[in-house]
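*Asks:* Take each chain as given, in its own frame, and dock them per the hints.
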Amino acid sequence: MADETLFLLLHSEMVAGLYRAAEQGEGENGRCTTKLESMGFRVGQGLIERFTKDTARFKDELDIMKFICKDFWTTVFKKQIDNLRTNHQGIYVLQDNKFRLLTQMSAGKQYLEHAPKFLAFTCGLIRGGLSNLGIKSIVTAEVSSMPACKFQVMIQKM
Amino acid sequence: MSRPPGRKQDSQKISRELFVLTYGALVAQLCKDYEKDEDVNTCLDRMGYAIGIRLIDDFLARSSVKRCRSYSETADMIAQVAFKMYLGVTPSVSCSSAAGNEFSLILDKNPLVDFVEELPAERASLCYCNLLCGVIRGALEMVHLAAEVTFLQDRLKGDAVTEIGITFLRKAEDRKHRRNK
Numbered sequence: 001m002a003d004e005t006l007f008l009l010l011h012s013e014m015v016a017g018l019y020r021a022a023e024q025g026e027g028e029n030g031r032c033t034t035k036l037e038s039m040g041f042r043v044g045q046g047l048i049e050r051f052t053k054d055t056a057r058f059k060d061e062l063d064i065m066k067f068i069c070k071d072f073w074t075t076v077f078k079k080q081i082d083n084l085r086t087n088h089q090g091i092y093v094l095q096d097n098k099f100r101l102l103t104q105m106s107a108g109k110q111y112l113e114h115a116p117k118f119l120a121f122t123c124g125l126i127r128g129g130l131s132n133l134g135i136k137s138i139v140t141a142e143v144s145s146m147p148a149c150k151f152q153v154m155i156q157k158m
Numbered sequence: 001m002s003r004p005p006g007r008k009q010d011s012q013k014i015s016r017e018l019f020v021l022t023y024g025a026l027v028a029q030l031c032k033d034y035e036k037d038e039d040v041n042t043c044l045d046r047m048g049y050a051i052g053i054r055l056i057d058d059f060l061a062r063s064s065v066k067r068c069r070s071y072s073e074t075a076d077m078i079a080q081v082a083f084k085m086y087l088g089v090t091p092s093v094s095c096s097s098a099a100g101n102e103f104s105l106i107l108d109k110n111p112l113v114d115f116v117e118e119l120p121a122e123r124a125s126l127c128y129c130n131l132l133c134g135v136i137r138g139a140l141e142m143v144h145l146a147a148e149v150t151f152l153q154d155r156l157k158g159d160a161v162t163e164i165g166i167t168f169l170r171k172a173e174d175r176k177h178r179r180n181k
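Protein chains in written order, with my numbering: chain A, 1 to 158; chain B, 1 to 181.
Pulled out of the complex, with its shape left as it was, chain B reads as follows (with noise of 0.2 Å):
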């Protein structure tokens, strides 16, 4: 009984989708425990700070990638670098403020709600990738730039993208004692 060729791209395959998956398990048990939206979105949005805070380890470690000058190369650094990395993704990065430390991040294509098709109608306000946010937000954090993140569109709401907004908290003018990054 030989098993058909394939099985590498198979398996990395496969394994995204474990981690898509458990993502989707962990949301319905989360569903299922708190009735409010809200508690729900904030239960993730921790489980995402606590992730965030040590996958910045992972990245930095992975990656070997430079200091970033700027809140623009910090954003393009995520989009590109991280959520290529991780997600197999490249969100495209817009500035939306004059000041300089507002970002989009504008996905197309969102791997986190492959298997999901839309919210219940009594979910309306979930936010079912807040995870994410939570993620980028302690991986900020760690690199000593204190930053809001939040979902701006859900596609998932009938937006017709997804994007999330990152609004980094310090004035440029004072990063002078950053860590690397």
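Bound conformation, chain A alone (with noise of 0.2 Å):
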């Protein structure tokens, strides 16, 4: 759909001008990586909030879990999460084999090191929807080997 091509375009035009714009100036890419990240947050709570709008009440915090992993990632990233895994106390890994905002760049060791950047709008998209849906939460991503990566939510008991 044409509206995603904009959505992945501007993407990664955020990140690519957000860390020129840090080399020119203080060079902190920690800096760049949060700043991705509240942006994600705010479009994440956004979005959520349209989201659920007309949808049923959740049961409990799987099923909210669930919920973000099908509807919510589908409508985002037109596929699934394929794993969701959880020790039941707070932790859950949602992986996705082929995640879309990694899929345009090599999928070989070369461009390992800045996966990270394509990731933490992500991050702060997930913490937003949870955020809007009261859950505190935690969200880090890993990248083993390339299009596939792996993001993990600890949830902030109250």
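Taking lysine to any residue and the SDA-like style, the derived pairs with C-alpha atoms no more than 20 Å apart in a straight line are: (1) B:Lys13 / A:Thr55; (2) A:Lys70 / B:Arg16; (3) A:Lys157 / A:Gly134; (4) A:Lys117 / A:Tyr19; (5) B:Lys109 / B:Gly158; (6) B:Lys84 / A:Leu8; (7) B:Lys32 / A:Arg31; (8) A:Lys79 / B:Gln12; (9) A:Lys117 / B:Asp33; (10) B:Lys109 / B:Asp159; (11) B:Lys109 / B:Glu17; (12) B:Lys13 / A:Thr5; (13) A:Lys78 / B:Glu17; (14) A:Lys59 / A:Lys70; (15) A:Lys78 / B:Ser15; (16) B:Lys36 / B:Glu122; (17) A:Lys53 / B:Ile14; (18) A:Lys70 / A:Asp60; (19) A:Lys70 / B:Ser15; (20) A:Lys117 / A:Ser144; (21) B:Lys36 / A:Ala21; (22) B:Lys32 / A:Val15; (23) A:Lys53 / B:Phe115; (24) A:Lys98 / B:Ser15; (25) A:Lys157 / A:Asp60; (26) A:Lys79 / B:Ile14; (27) B:Lys84 / B:Val113; (28) B:Lys36 / A:Gln24; (29) A:Lys78 / B:Met85; (30) B:Lys13 / B:Val89; (31) A:Lys70 / A:Leu84; (32) B:Lys13 / A:Thr52.
Okay, the calculated beta carbon distance ranges per label pair: (33) B:Arg67 / A:Asp54: 41 to 47 Å; (34) B:Ser96 / A:Glu23: 38 to 44 Å; (35) B:Ala28 / A:Gln95: 27 to 33 Å; (36) B:Glu118 / A:Gln80: 36 to 42 Å; (37) B:Arg67 / A:Asp60: 57 to 63 Å; (38) A:Glu113 / B:Lys66: 39 to 45 Å; (39) B:Val89 / A:Ser144: 38 to 44 Å; (40) A:Asp60 / B:Glu148: 54 to 60 Å.
What the hints contain is simulated information worked out from the structure, not anything from laboratory work. For every residue, glycine included, the Cβ atom is placed at its ideal position computed from N, Cα and C.
*Replies:* Below is the structure:
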């Protein structure tokens, strides 16, 4: 779909633009990740509101996570999460074997070190979504081989 | 727990909202990063340009349109095919110069500002949708059409409509070597 292209291009340009600006200025890469994450957070909050407008109330935490993996992921990234694992104590691992925002890069090891830049926004997206559903969390991501990645969600008990 | 039907159109709408919200977050972030509105505008334009030079490939692949034979045809193409495809709106086109190289795209509805009420007072000269200018400029450049694209009117600034001005920089005669568009 055409909208999707726009989003993909905007996202990669956002990442590139922020890092370019940081290189010219202070050069703190950590701040860029934070910025991307907080942008994702805002977007996640907004999206989940529109999204859950007409849906039934969620049963529990797991139900919410399933919703994120299926409906939310399908709308945003055009596919479901491939694998959801949990230790039933507040840690969830979402595995995507072909993550949409990484598929445009070479699948080899060459750009592996740059991959985290392209995950920060999505981490925020998940965190923002969950936060508006009343779950406080910490989301981190890791990539071991290129188009696949894992998001780890740690629920903060309030 | 069955989810209500009608998800399909919903998901298409949300997909566009994702783009609009992301763009909003980007502008908000840039406003935090840069004090001067001009810097934000430049930054948006540059990002748009980088998007445009790639978007044109996607556009040509998707639309399989024929070559345009005149500037007015190109302007119509941008309005009726490109805007329709990517933003779901069709601006009206008017030619504003006798030389036939200046066009205006007039948008009654601008999806990019769906969630924007007004600009804050201290950001009076911010061009919220400046990304669009960059995108159009970048895309045109990739089909060998140098152009200047600016916002002439903006609803967010209190004008009645949103108007994007496109000025093609080369004269109509020396377009012989133009590539496909």
